[in-house]
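Chains as they are written, first to last, in full-length UniProt numbering: chain R, 1 to 160; chain V, 1 to 160.
Honestly, I wouldn't trust all of these hints.
It does not matter which identical chain is used: a pair holds within one copy or between any two.
Stated by the list, open to error - 25 Å max Cα-Cα, derived DSS-like pairs, lysine-lysine:
id : residue 1 : residue 2
1  : Lys124    : Lys3
2  : Lys44     : Lys3
3  : Lys3      : Lys107
4  : Lys3      : Lys108
5  : Lys3      : Lys52
6  : Lys52     : Lys124
7  : Lys44     : Lys124
Hints in this document: simulated from the structure, not taken from any laboratory.
There are 2 protein chains.
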Amino acid sequence: MAKASRACVVLLRLLAAAATLSAAVVMATSHESTTVFGLTLDAKFQYTPSFKFFVIANAIGCGYSLLVLLVPPTSSLSRFVVVLDVIIAMLLTAAISAAGAISEVGKKGNSHSGWLPICGQIPKFCDHVMGAMICAFCGVVIYLVILLHSIHTVIGPLLP
Amino acid sequence: MAKASRACVVLLRLLAAAATLSAAVVMATSHESTTVFGLTLDAKFQYTPSFKFFVIANAIGCGYSLLVLLVPPTSSLSRFVVVLDVIIAMLLTAAISAAGAISEVGKKGNSHSGWLPICGQIPKFCDHVMGAMICAFCGVVIYLVILLHSIHTVIGPLLP
């Protein structure tokens, strides 16, 4: 039982690493150039602090997911792992949320602030960002499952 | 010992409720009108989806913090409270992050997207948003302390 549970957690962590790595790579490779009224528009993730934060957070999430596999489940460090899991889950949530807020402005604009939507001009870039956010969302969901599993095994069955 | 620990958690939850309530109220009462080149600019939190999300998330966080005080610490529901604490902490993180991403654009703009900074025109509104974000950040930190406390009491001392 303990062995199956451990294998399950390892699988989940590998999935989380894959999801966050994909999110970081898809966002980092998003790039599109277009010409509007003779002006060249260049869209890169580096131009938006929220997207930079997204890439860094997902890279940290991926690195952590792999590193934590090295911690033996019986060591005293495993207590810190639960704490770190919570913090990484919050970091990934923050990254998706910040990128989502900017994407929303990019897609719909904000007439009250005079910010025009730009996804019509750079649809490929917007699709890339959307894809990266879906990957990162999968990562957060997996982290939530890992946390539920930790709480379940530590505190006792969630369903009486 | 158990009584002191319980009193500590109740105090932390009341503080979290106060912090999230302040955040929601400060954001909800932010409003500024200004005239630029003869045009009236009206800044309200309702005009930005991220700020609406911020108010709703903090209202949920405040309501939850108060409701959860009714759950007796020995009931079987207390297992769910840890799970809900994690989810509320993630919700508040997402709210701050989304509001922060939009504030950043409001403050510095994004020349690559053609979005101009607007905080120069509506400084009072921006200060309100900043204040709300600081309150919400306090709320998240308190939730993190509550979670650390739960993990500490349930799994065992974090510091061996």
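How the hints compare with the structure:
1. Lys124 / Lys3: neither (45 Å within a copy, 58 Å between copies)
2. Lys44 / Lys3: neither (45 Å within a copy, 55 Å between copies)
3. Lys3 / Lys107: Neither: 47 Å inside a copy, 52 Å across copies.
4. Lys3 / Lys108: Neither: 49 Å inside a copy, 52 Å across copies.
5. Lys3 / Lys52: neither (39 Å within a copy, 46 Å between copies)
6. Lys52 / Lys124: Intra 18 Å, inter 28 Å, cutoff 25 Å: intra-copy only.
7. Lys44 / Lys124: Cα proximity of lysine 44 and lysine 124: one copy only (11 Å, versus 32 Å across).
Checked against the numbered hints given earlier, the structure breaks hints 1, 2, 3, 4, 5 and satisfies all the rest.
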